[in-house]
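Listed in order, the protein sequences are those of chains L and W. Sequential numbering of the first sequence, starting at 1, is according to the numbering used here. Sequential numbering of the second sequence, starting at 1, is according to the numbering used here.
Each hint should be verified, as a subset may be incorrect.
What the hints assert, rightly or not - What follows is a set of in silico ranges between Cβ atoms, one per label pair, in the way DEER data are often shown:
no.	chain 1	residue 1	chain 2	residue 2	range
1	W	131	L	420	38 to 44 Å
2	W	37	L	268	55 to 61 Å
3	L	447	W	117	33 to 39 Å
4	L	375	W	15	35 to 41 Å
5	W	2	L	437	31 to 37 Å
6	L	259	W	105	56 to 62 Å
7	L	141	W	161	49 to 55 Å
8	W	15	L	84	55 to 61 Å
9	L	447	W	208	31 to 37 Å
10	W	117	L	223	24 to 30 Å
11	W	131	L	447	25 to 31 Å
12	L	223	W	64	41 to 47 Å
13	L	26	W	131	33 to 39 Å
14	L	256	W	161	37 to 43 Å
Said to hold, decoys possible - Some chain L residues flagged as far from chain W (calculated, every beta-carbon gap over 12 Å):
no.	residue
15	161
16	291
17	314
What the hints assert, rightly or not - Simulated crosslink set (BS3-like; lysine-lysine; CA at most 25 Å straight-line):
no.	chain 1	residue 1	chain 2	residue 2
18	L	215	W	108
19	W	74	W	172
20	W	213	L	448
21	W	54	W	66
22	L	439	W	108
Hints were generated in silico from the structure; no laboratory data involved. All residues carry an ideal CB built from backbone N, CA and C; glycine is no exception.
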Amino acid sequence: MLELIKFVIFSRVPKRSIIFYISFAILFGYIGYISYYEAPYYVNEEFRYLSVFYLTIMIAVSPFNTRFGLASKSDSDFMALLPFDDDKIIASLILGSFIVNVIFLSIFMYWFIEALGIAGATTIPAFALLSSSLPAVLYNLNNRRKILIDLVMVTWFISAIFNFQLSPLSMFYGYFEGYVISYAFAFVTFSIALKKFNFSSYSNFTVSSEKGEVKEEISFKSSNPLVLTLTRNLRILEVGGRVNWMGVSTFVSRRVELWKVMLGSSISAIILYFILSRINDGSFLVFYVLFGGWFFMIMIASAAFITEPIWLDMNVMTPEEFARYYLTSKALSIAIILSPFAILSLILGYLGDALGFIVFIPLSSIFIMSLYARYYQQRYNMPINVSPIRLLVSLLTSIPLIPLIILSFLPAYLILCLPIMFSFIVFYLTISLPFIFSKSYWESTIEKIVTSVT
Amino acid sequence: MECISLKNVVKRFGLVIALNNLSFSIPCGGRFALLGPNGAGKSTTMKILAGLLKPDYGEVEIMGMKPGMKEVKKILGYLPEDPMPYRILTVRENLKYIASLRGVPKEKVEEMLDILDLRQYEKIQAGKLSRGNQQKLSLALVLIHNPEIVLLDEPLNYLDIPTQEKVIGILKGMKSTFLISTHIMSIATRLTDHVIMISKGTVIWQGSIEELKALGKEDEPIESVVARMMDNA
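Between the sequences and the hints, there should be enough to build the whole structure, so can you do that?
Below, the structure is given as structure tokens:
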């Protein structure tokens, strides 16, 4: 069984990457340990927020890892036929996935240690085990049920912020119960996974979130390629794709009409208006809303190019034309979806955040999509694998987030903000526009995509 | 006049030499099959001709122009191996989108839906179709503008026998210049009349299918002849 577990681990993460991740975790864990005792209270508090936010997202995403997280197609095709008991294969898959998740989560050791001191490191195994076991427990539920269960879990996890001591994350707010509950929850889920998971039915399980028949057809009337690409990307949105956010990755895909997403963002903005207008200083919360907008953009940007039929685009367009139209239309769709939050920020007097939603985040998406296209290629039909260069790209994509964080510390007064806003606009244009106009970048990027993907 | 021409083309991927001084030409209206063992460089050749890859060395021309140019894209149709159309667009939307980009009349959309039996799936998202229907849709998207130059990489993959016959009929009825990459000799013999055989990125034999057949012993299947030539290369 040890051999099977080793096989599962090394088929997901190359040895070199494991060494890199562990070295990274030890180094930053040590830095976190030193700075934990020196850092002012509010810094530790920020890391508590970040830890709770990250762990909640990680667990919320894990049930959707049905085929792409826990077991790959190769596992389904070949591992199921190995002369081992199903129980052993299942346990190996979950334990292998657990160790891989421990390695990934260790990258964030710094956060957890900054939040809790050295005890922060002990949270990692519990949440790694939980994220490996949940897909095996919930694999045969439809997406609606998974979302319902997710909502309950997210509420339970997030309740730690409101000092609910029975939350699995309450340790971040000083309750020892958090450790006990998180480990108990992880072990119970693991034992259910061992009993419930059936490899044969899992292997034959088809991931299908919709029937595929479309009632309202898009009409392509123009002959202008920009207008046509805009029509395609502004009418419908492919939600999901490679959802990879700081190591948490999965693959989901669904056609959603843009107006429905707009309706959702408008309703959220209205609800937020009623909440924020009743709070004296809402700047802190507005930052988290802005961060939510960033996270949404990352989701869209991560899905870019995954299912795009480059061969078909290249039949009718040159690489730079395609990239220009594609990136522009994606960035515009992000701006449109986030526009209700921009209006909300304007009404509340936060000009910087309004610009953040409608200009800075969409421009960041061009930078991120361009980097992903070249250095973090992923296809819908290929398993997700990780490498140090990909981790580096993930870190690079965090650069445009820095000015957004600075925004939250700026005063809301218009006059003071204007020069800074101008410099931010210049910064975002500088990192995004070269990608729109660079012919050679896209020629070699397309060649790289075509070479690695048939 | 030559419609497709490659002269001393070299293409490397790191240390691997995919194409090694590859040279051949196809006259306009010619129907050629590109044969070769796995890893011979067939798909790389097709991608270079389609303008998706650039050669490291050598000259490539499509009707006297460089692959990848807008003028070439107007007259060329390229189908890769295992193609996938726009997954979240329906069959009809896929056809309408490409027809609009190419400036092809909308009637061609209806025509392609009918001749490839896709009408019953017109409202289904391409990503939800069976592999065979995705292949049919991809063929429709490649042929919608009646391309003068047609590059097809394993065009009959995943198709059932009746559909294969239908597609063979459609392709035979076209007056274009064809280069078809395939592993299956029966497809080569039915769709083309000339063969370019490559191995390790170099042409090892070129001629008509009749000449190829003549190289074999009496009653020797053409597949055996090809296998022997590839083994000896």
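Could you work out which of the previously given hints the structure breaks and list their numbers from low to high? Checked against the structure, the hints that fail are numbers 1, 4, 6, 7, 8, 12, 13, 17, 20, 22, while the rest are satisfied.
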